[in-house]
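Participant: What follows is each chain in one-letter form.
There are 2 protein chains.
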Amino acid sequence: MKYCSQCGAEVEIKVPDGDNRPRHICAECLTVHYQNPKMVVGCIPMWEDKVLLCRRAIEPRYGLWTLPAGFMENGETSQEGAARETLEEANARVKVEALYTLFNLLHISQVYLLFKSRLMDLDFGPGSESLEVALFAEQEIPWDEIAFPVVHETLRLFFEDARRNHYELRSGTIVRLSDNPRRYHTQLL
Amino acid sequence: MKYCSQCGAEVEIKVPDGDNRPRHICAECLTVHYQNPKMVVGCIPMWEDKVLLCRRAIEPRYGLWTLPAGFMENGETSQEGAARETLEEANARVKVEALYTLFNLLHISQVYLLFKSRLMDLDFGPGSESLEVALFAEQEIPWDEIAFPVVHETLRLFFEDARRNHYELRSGTIVRLSDNPRRYHTQLL
Numbered sequence: 001m002k003y004c005s006q007c008g009a010e011v012e013i014k015v016p017d018g019d020n021r022p023r024h025i026c027a028e029c030l031t032v033h034y035q036n037p038k039m040v041v042g043c044i045p046m047w048e049d050k051v052l053l054c055r056r057a058i059e060p061r062y063g064l065w066t067l068p069a070g071f072m073e074n075g076e077t078s079q080e081g082a083a084r085e086t087l088e089e090a091n092a093r094v095k096v097e098a099l100y101t102l103f104n105l106l107h108i109s110q111v112y113l114l115f116k117s118r119l120m121d122l123d124f125g126p127g128s129e130s131l132e133v134a135l136f137a138e139q140e141i142p143w144d145e146i147a148f149p150v151v152h153e154t155l156r157l158f159f160e161d162a163r164r165n166h167y168e169l170r171s172g173t174i175v176r177l178s179d180n181p182r183r184y185h186t187q188l189l
Numbered sequence: 001m002k003y004c005s006q007c008g009a010e011v012e013i014k015v016p017d018g019d020n021r022p023r024h025i026c027a028e029c030l031t032v033h034y035q036n037p038k039m040v041v042g043c044i045p046m047w048e049d050k051v052l053l054c055r056r057a058i059e060p061r062y063g064l065w066t067l068p069a070g071f072m073e074n075g076e077t078s079q080e081g082a083a084r085e086t087l088e089e090a091n092a093r094v095k096v097e098a099l100y101t102l103f104n105l106l107h108i109s110q111v112y113l114l115f116k117s118r119l120m121d122l123d124f125g126p127g128s129e130s131l132e133v134a135l136f137a138e139q140e141i142p143w144d145e146i147a148f149p150v151v152h153e154t155l156r157l158f159f160e161d162a163r164r165n166h167y168e169l170r171s172g173t174i175v176r177l178s179d180n181p182r183r184y185h186t187q188l189l
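Respectively, the protein sequence lines represent chains Z and A. Read left to right, the first sequence gives residues 1 to 189 (full-length UniProt numbering). Read left to right, the second sequence gives residues 1 to 189 (full-length UniProt numbering).
Isolated chain Z, as found in the complex (with noise of 0.2 Å):
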């Protein structure tokens, strides 16, 4: 952020009176212009013992496979969110049910809700962002293909899950490791 969206100057970096960390400031109006976590939410498309997966036709990780999520819009609830997201990417109507995954990702200021949901038919297919939209039972998972790391452990917490037919809300966050940024590190809390 270089300039002010409220009149166009041009902003400076300081902590405001009362706060205690740096923010843009707008030199001219004094508006404080706040940044703070965007969330992305999504669903996790049970059918049977099977989860929708969709393999994404945009950067980045194009070509490898996620489960539908997006950045939430304003205007709707999270659930709604998720479900507009698995309509988008995947064709696909879900009933959402409860909250499964709480994930922080700190090195990109996101916070991932992630809901187990039921596919009300076998009627989906590939959104404009999806190559590809396939259902996978745990054993067919391509693991080695998942494009986030978020997705990869989601996926793992929850067929665990599925095996003892008990799911509880996960939570944890994602740390990138300083010394190999394209490696992560998960801390379930």
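Honestly, the hints are just simulated from the structure, not real lab data. Mixed in with the good hints there might be a few duds.
Which copy? The list can't say, so a pair holds if one copy fits it or any two copies do.
Stated by the list, open to error - Straight-line C-alpha distance at most 25 Å; calculated DSS-like pairs for lysine-lysine:
#, residue 1, residue 2
1, K95, K2
2, K38, K2
3, K2, K14
4, K2, K50
5, K38, K14
Given the coordinates of chain Z, assemble chain A onto it according to the supplied hints.
Facilitator: Relative to the frame of chain Z, chain A by itself:
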């Protein structure tokens, strides 16, 4: 938003190519400025059968009681944010436990994440945003002086669960009534 925070030119509102909703787009550098919901993170700080509340020293709802909570910051987990707000508003140290409520506040594009937590000790007191901080058992809660519907609903559910000693994640939407913007309706999911 009137000006581009990247180049300072004026922004227009239109639907970007490949998108399906209006966004603020810079007429010069073509940057799309997305606006997404913000997360409010906080604690339900417990001590025996009591919960810690803060009486607000700031607007809105000056003088009314609330749970310690505030906007999540970049660079922290949602649990760390909840603990930080509790330290800032009540000078209280907590052990953050499971997520207890996930509430969508559609009318202000906020998602509340409130965590069960345990006070580490009884050394607490008002921070700069609080007039007073105190512990309340269920029958002592000032129900008519609670600052926000999301806090009222969280406390109601929490003590309901406390009575049966079984807590589960509660999720819902707080809807502002169209015929009276000072009244709200809660939809539990």
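Participant: Each hint should be assessed against the structure and marked as holding or not.
Facilitator: Here is what the structure says about each hint:
no.	hint	result
1	K95 with K2	neither (43 Å within a copy, 39 Å between copies)
2	K38 with K2	both (20 Å within a copy, 22 Å between copies)
3	K2 with K14	both (13 Å within a copy, 22 Å between copies)
4	K2 with K50	neither (47 Å within a copy, 47 Å between copies)
5	K38 with K14	both (22 Å within a copy, 22 Å between copies)
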